[in-house]
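Use these hints to put chain V onto chain D, whose structure you have.
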Amino acid sequence: MIKIWSMKKNEEAAAKKKPKTSAAQIRVQKDLTELDLPSTMTTTFPDPADLLNFTLTITPDEGTYIHRMYEGGSFKFSFAINTNYPHDPPRVKCLQTIYHPNVDLEGNVCLNILREDWKPVLNLNSVMVGLQYLFLEPNADDPLNKEAAEELRRSRDQFLYNVKQSMRGGQVKGQQYDKVLVQ
Amino acid sequence: MAAVVNGNPSSGDWQDRYYDVDQILDRPGPRTAHSFMAGDGVKDFLRNQCKILVIGAGGLGCEILSNLALTGFKDIHVIDMDTIDISNLNRQFLFRQKDVGQPKAIVAAEYIMKRVPGMKVTPYYGKIQDKDDDYYMQFNLVICGLDSVEARRWINATLVNLVDPDIPESLKPLIDGGTEGFKGQARVILPTATSCYECSLDMLNKPTAFPICTIANTPRLPEHCIEWASVLEWPRVQGDKKMDTDDPEHINWLYTVASARAKEFKIEGVTWSLTQGVVKNIIPAIASTNAIIAASCCNEAFKIATTSAAYLNNYFMLIGTEGVYSYTFEHERREDCPVCGGESLDITVSRDWTVDRLIEMLVEKQDIQIKKPSLSTPTKQIYFQAPPQLEEATRPNLEKKVSDLVPDGGEVTVTASSLPFSLSLRITYS
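Taken in order, these protein sequences are the chains called D and V.
Per the numbering used here, residue 1 is the first one in the first sequence, and the count goes up by one each step.
Per the numbering used here, residue 1 is the first one in the second sequence, and the count goes up by one each step.
Keep in mind the hints are simulated off the structure, nothing from the lab.
Note that the Cβ used here is the ideal one computed from N, Cα and C, for glycine as well.
Just to be clear, a hint being listed does not mean it is correct.
As the list claims (entries may be wrong) - Computed footprint of chain D on chain V, listed as stretches where at least three residues anywhere in the stretch have a Cβ under 8 angstroms from a Cβ of chain D:
| hint | region |
| --- | --- |
| 1 | 199–210 |
| 2 | 232–246 |
| 3 | 303–311 |
| 4 | 373–381 |
| 5 | 384–393 |
Pulled out of the complex, with its shape left as it was, chain V reads as follows:
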């Protein structure tokens, strides 16, 4: 059989590799969009052009990488800051016992490339925050399989900020998967077009926290004893030494202290793994939940990359605790979302304008109705109305020229009690 023609199997591929996927891609269906380029067009994009970023190479990440590779994505980048722990091996199936201690991203990338012909998987062992906008700009799609709220907020805000209305491809769809025990969710975020991760921050479950007086005085559960050891005893005994929940010696110390406490209060059930679980806020990961959520995420990635079917709008949740229940709904944007909501305004001012003059202009502006605005740039405060110390510290700036504080095209964040959240100004000089 001949080698590569537009999107057709390359020489290393096994026979009929894409037989099933091609059933979807070779002809339009009643529900495919007008822009669907059945046949070589869509196959070429998927197999030769589309570049996708996978964030997280853990429980979800392993499933996502394998699904993407098998559906025909060829150019995958993967980021993970963790190394492989022995406890990962029951579900993170790209890793073997010999890999323990190695970076997840690197081992996962090598495994996929070894196993699936024609794959290019580029790993990065490190934090997503190490990468800049240029890096994220190169991808068509981003899929997240993360266990951290903070990392999700960061990538969400980064992708929202990346959107430039003049450059259509600056809008990178973000597909976010998450699991917690038997529950999970998959969502499609089109930054600035649909509700973003920050819009739904108040939907999150609170991490379990026990009242501090209970853990101090009336422990009843093994978890109370562990929290006592980590929240109260660690800082008391260890002083300023920072607790590292990945350090087995630190967990050992907490385990010993918590066990003694449990004995004193005749509480049973403090174990080493529970100690680790409580301080790291670990909820047991279930392989099948990861598989379902990863499948949903990759299905969305495939549909978005190929336009072969309508994509998820925009939130799918799975509740597997009692039977198998799932629910899909459209999470709406929040007008007062600090990331994608709020107003943004381009204004042009003279290079001679003082900060005071700018504030006066904002207050007088009929269409925004700001009272007592406070202004800052991403790196410094310009003028704060309160608290008194900061007002005093920033007051000298009122007399300064805006152009001395903000570069041309620079962003100024304005907050005021009359604004639902904030106003973002882009300042250019005439």
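Looking at chain D on its own, in the form it has when it is part of the complex:
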């Protein structure tokens, strides 16, 4: 056997046990404790001992007037991190039915870094900032809610009206949306 060890057996060796913290666990600790979020985003842990499942609440209010289309709303996303993080991205879903070009009625979110562009160098902060960006700049070119995307392209004013209507818990084109207004 190569020289890094002697060939003698050491019976005591097996008795010595070290606890281990998994790489995923350390990485999540690092990501969470170094979150640098604006006041528009807060995290909530249903079980503070479980770092792998939590909710992110976004209350968009930043940006110029034109970007304030989702102002006044409070949008909740569930985060589920598996033990293969950061090789696997976190699984993120919107917990409410909302009217947004990049979020479908099931809560699926179209954000490139959550799927095809995820890399282990990205972190929870990047994902959260990415999600907030969707509320400041909804993207009509990558739609999940096609009607919302078409409306945004066709008439920005009508789209803004629909957003307000949906956020109040009203209907848009026969579809019922959840009330997300905080005031």
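Frame of chain D, contents of chain V only:
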């Protein structure tokens, strides 16, 4: 001929079984290490003492087991959590049609023992995570032929954690083979001494993922239709029911849904096996790639176990997609590797110290320069600087005694923005 003498053929062996292998083991060469014990010494170790663990008894595993048995390793353990599927039989040559449905580890072990005299192959049908440190401590070497990143990360971290500087044999060389179609890699990891699996995590190919908006709106490929069925339709229609990619009924459902979608968009090519391939992320396995990579892995195992030649330093890649190209290089350790990098520190504190006092000490420590550290044990949080809810939840711990939260000799993981990754503290009490 007489029976067993140090490492010489046992009674059941065929004649001249080790003739070729012994050409290497009977005398030192110009490149053998000083510690090489030519002749009986090395043969005795290889054939009577060395215990090797093979993780995975699939495409690579079958090749590895047969290679090891034929080069003279006698005491092999093999772990695999899978059962044999009919589609394995074209390349996993230790299995026959009658074995379909049986555990791979058990069938493979029986086959090797039946075929090669004097072998002791101990199978375990289950997960590597079922076994503890004591189990892994008994081996001299570990070879992996796995198809899962997660399992590799686990065994890598386990072997890195096993290393105790005071016990030389706690360092178990890990030889990791992997194949993907015509490409493959073999590497030698000496936990804590060379770069580990986690160090190279960012070199991995991303699993193919299509933008969710493409699969939702503008499918062009049969794969888009299958992803639509599994990513969007399954949770919508089946609710919380978990998709099991090993359940043929689930694959059937996905296949039916994907086919309907494909028809609607006039896309051709959705088949049952493509459906299974896409949802299980299967890349066609090539028998010859497995054979090359397994050979490389076993060659390394043989060299490391016998010191008969220099071993691979430390990464060999094979690209067989266009011709046969291979490249060997030394993958370097990452200082900020969450598994083998980072600092580790033994500190001794008084049993009366509070967590607050410990944090103060860490912040003041000149040689580590930590600002705002967050602390946890493998099972619980001690103090988190953020996010606010966790800071609040852990704040009461600041007043508690460290000795009430961490056992003597216990590990504390410290993260801070000023640290490249983390710091591992081993706490003992004065």
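Hint check results:
1. 199–210: Holds: 6 residues of the region 199–210 of chain V have a Cβ under 8 angstroms from chain D.
2. 232–246: holds (count 3)
3. 303–311: holds (count 5)
4. 373–381: Per the Cβ count (7), the hint holds.
5. 384–393: holds (count 8)
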